[in-house]
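Heads up: the sequence shown begins at 31 in our numbering, then just goes up one per residue.
Straight-line alpha carbon distances no greater than 20 Å define the calculated DMTMM-like cross-link-like pairs of lysine to aspartate or glutamate that follow:
1. K277 to E256
2. K277 to E195
3. K276 to E248
4. K174 to E204
5. K276 to D250
6. K276 to E62
Read the hints as simulated data drawn from the structure, not as lab findings.
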Amino acid sequence: MGRNSLQELRHDLPVLLLHNLNPEWTPEERRESEQDVATLGQAVNKLGHPLEVVALENDRLAERLRAFDPRDHIVFNWCEELPGIPHSEPQVAAVLERLGFVFTGSSCAALALSQDKPRVKRLLEEANIPTPRWQVFHDRQVGKWNIFPAIVKAAHEHCSIGIAEESIVVSTAELETRVAFILETHRQPALVEEFINGREFHQAAWGNGRVSVLPATEMDYGDLTEIRDRLFTYEAKYVPGSRLYKKIELCVPVELDPAAQAELERIVLATYRATCCRDYGRIDVRYLNGIFYVIDVNPNPDINPLTSMIYAAAEIGYSYGEMGSRIVNLAAARHPVFRES
Numbered sequence: 031m032g033r034n035s036l037q038e039l040r041h042d043l044p045v046l047l048l049h050n051l052n053p054e055w056t057p058e059e060r061r062e063s064e065q066d067v068a069t070l071g072q073a074v075n076k077l078g079h080p081l082e083v084v085a086l087e088n089d090r091l092a093e094r095l096r097a098f099d100p101r102d103h104i105v106f107n108w109c110e111e112l113p114g115i116p117h118s119e120p121q122v123a124a125v126l127e128r129l130g131f132v133f134t135g136s137s138c139a140a141l142a143l144s145q146d147k148p149r150v151k152r153l154l155e156e157a158n159i160p161t162p163r164w165q166v167f168h169d170r171q172v173g174k175w176n177i178f179p180a181i182v183k184a185a186h187e188h189c190s191i192g193i194a195e196e197s198i199v200v201s202t203a204e205l206e207t208r209v210a211f212i213l214e215t216h217r218q219p220a221l222v223e224e225f226i227n228g229r230e231f232h233q234a235a236w237g238n239g240r241v242s243v244l245p246a247t248e249m250d251y252g253d254l255t256e257i258r259d260r261l262f263t264y265e266a267k268y269v270p271g272s273r274l275y276k277k278i279e280l281c282v283p284v285e286l287d288p289a290a291q292a293e294l295e296r297i298v299l300a301t302y303r304a305t306c307c308r309d310y311g312r313i314d315v316r317y318l319n320g321i322f323y324v325i326d327v328n329p330n331p332d333i334n335p336l337t338s339m340i341y342a343a344a345e346i347g348y349s350y351g352e353m354g355s356r357i358v359n360l361a362a363a364r365h366p367v368f369r370e371s
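Model the full assembly from the supplied sequences, consistent with the hints where possible.
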């Protein structure tokens, strides 16, 4: 899907760009978030979309939207949670659904699914989609697990929360320690997976019914050979100055033979559909010995200008604003007014 599809985009669709500003954020975090929102808003507005930014600074979303008529707007949902309420991204969508707003991205049900990693794993297995071997632990009794290296994740987190170098374990003793950390620190079950020490790809897809993939991107770990360094941790993603912050590069296009590329696209599309992604999503996989293993599913993935989906869209000719407009147009097909006008 390249430049030709850009000619089909409508740029007159009115947009409410909804985002959260959490009270516990530092001034720097707040500035960064506001700048990201402004960059997207300006890029979409420049194409012709009437656009208003709606910042949510508390959990009263319905009250914040009271002045807007759902018949007159499409909500660009860039709201990751109700401020002050962890894990509430699905609740944002639930409020929008209850109020009758058409909004970009996945439904409340799909967002709730994505926060339940064990349920996602079961769906992948039912759909015969390769995913690393796994087990959920509710206590420190891990004696039956004997697959190493392994990775320990919080079962209900996203954005790499809880992922650190110590998440990779190579013995029962290390596994028990990390499982205990997840249980005590994050107060939720620990998901233990076989660690696939291979190449890592992130591939976005977009559409509804007829879904297409964007070019794959690869996390290039370069000369990092230590197994615990070959992991895109929370610090590596978000903490400037951390040891691995600038050592892991995002590469596009990727080098894969045609057969492998076709298999990756098949896996991505099957996963997108199996997990009910809507409008756009990103699937993260690891590749080892000819098999692509799905390691994470991201409905409503981050779309700040430095993320993999933006680089992938640029590879097929989309500017930042055109990428945003494409997502708005996908949502417009569900709008009772704009889908027919």
